[in-house]
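J.: The residues making up each chain are set out below.
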Amino acid sequence: GQQLNQSPQSMFIQEGEDVSMNCTSSSIFNTWLWYKQEPGEGPVLLIALYKAGELTSNGRLTAQFGITRKDSFLNISASIPSDVGIYFCASFSGSARQLTFGSGTQLTVLP
Amino acid sequence: DVKVTQSSRYLVKRTGEKVFLECVQDMDHENMFWYRQDPGLGLRLIYFSYDVKMKEKGDIPEGYSVSREKKERFSLILESASTNQTSMYLCASLAWGYTTLNSPLHFGNGTRLTVT
Numbered sequence: 001g002q003q004l005n006q007s008p009q010s011m012f013i014q015e016g017e018d019v020s021m022n023c024t025s026s027s028i029f030n031t032w033l034w035y036k037q038e039p040g041e042g043p044v045l046l047i048a049l050y051k052a053g054e055l056t057s058n059g060r061l062t063a064q065f066g067i068t069r070k071d072s073f074l075n076i077s078a079s080i081p082s083d084v085g086i087y088f089c090a091s092f093s094g095s096a097r098q099l100t101f102g103s104g105t106q107l108t109v110l111p
Numbered sequence: 112d113v114k115v116t117q118s119s120r121y122l123v124k125r126t127g128e129k130v131f132l133e134c135v136q137d138m139d140h141e142n143m144f145w146y147r148q149d150p151g152l153g154l155r156l157i158y159f160s161y162d163v164k165m166k167e168k169g170d171i172p173e174g175y176s177v178s179r180e181k182k183e184r185f186s187l188i189l190e191s192a193s194t195n196q197t198s199m200y201l202c203a204s205l206a207w208g209y210t211t212l213n214s215p216l217h218f219g220n221g222t223r224l225t226v227t
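Taken in sequence, the protein lines are chains S and V. Counting with our numbering, you get residues 1 to 111 for the letters of the first sequence. Counting with our numbering, you get residues 112 to 227 for the letters of the second sequence.
Incorrect hints may appear among the rest.
Stated by the list, open to error - Lysine to aspartate or glutamate pairs mimicking EDC-like chemistry, simulated, CA-CA at most 20 Å apart:
| no. | chain 1 | residue 1 | chain 2 | residue 2 |
| --- | --- | --- | --- | --- |
| 1 | V | Lys-181 | V | Asp-139 |
| 2 | V | Lys-114 | S | Glu-41 |
| 3 | V | Lys-166 | V | Glu-141 |
| 4 | V | Lys-114 | S | Glu-38 |
| 5 | V | Lys-129 | V | Glu-190 |
| 6 | S | Lys-70 | S | Glu-54 |
Honestly, the hints are just simulated from the structure, not real lab data.
So here's chain S without its partners, still in its complex pose (with noise of 0.2 Å):
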């Protein structure tokens, strides 16, 4: 299938900053998703973008599909201890029932 590279693999951060981690491929995709998985549950979806260069945001989360289509950003503003989790990338690999997941960023947030 379709390679997603995601980073920071890790990120530790003092609650209330602000966090960003991407997501690249060598190839283009015309759909970017956005999912959250918290312990010990399965992964969330947290926001879908459809279209090179649109910006969509969920509460304080803000994610861009890149105009070159082969890439994606999360953002996370002013993080709270509830944000803790593995964040994944992911898009299509064959059919559109086929998900490719990126390999996730680890999300800390220190008191």
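With the hints as your guide, set chain V onto chain S.
T.: Coordinates of chain V only, in the frame set by chain S:
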């Protein structure tokens, strides 16, 4: 709310054992998926099924098989467990007529399998 239930949260098996991981969803979804999650590798698709008795290989099907005898249940089978199959296994479902473009995958909470 869609509920995807995986029968075990933790499982410890011996090398060579046959292992069954069970997943049940309660929303009449046609599409079901098995992923494996390893640190630094993200989620990798093992198999998926888009209807009863139908199955398709994902990116890493080797060493695994699946069974979909009923719509609500999708089983992952390790015919002869090996230590490199120690991992977190996640099941997910998706309604027919939808793709992950317009509807999120609904995940279970995972089964952490240890093969010794």
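J.: Against each hint, give a clear statement of whether it holds in the structure.
T.: Quick rundown of the hints versus the structure:
no., hint, result
1, V:Lys-181 <-> V:Asp-139, "holds (10 Å)"
2, V:Lys-114 <-> S:Glu-41, "holds (12 Å)"
3, V:Lys-166 <-> V:Glu-141, "holds (11 Å)"
4, V:Lys-114 <-> S:Glu-38, "holds (17 Å)"
5, V:Lys-129 <-> V:Glu-190, "holds (5 Å)"
6, S:Lys-70 <-> S:Glu-54, "holds (13 Å)"
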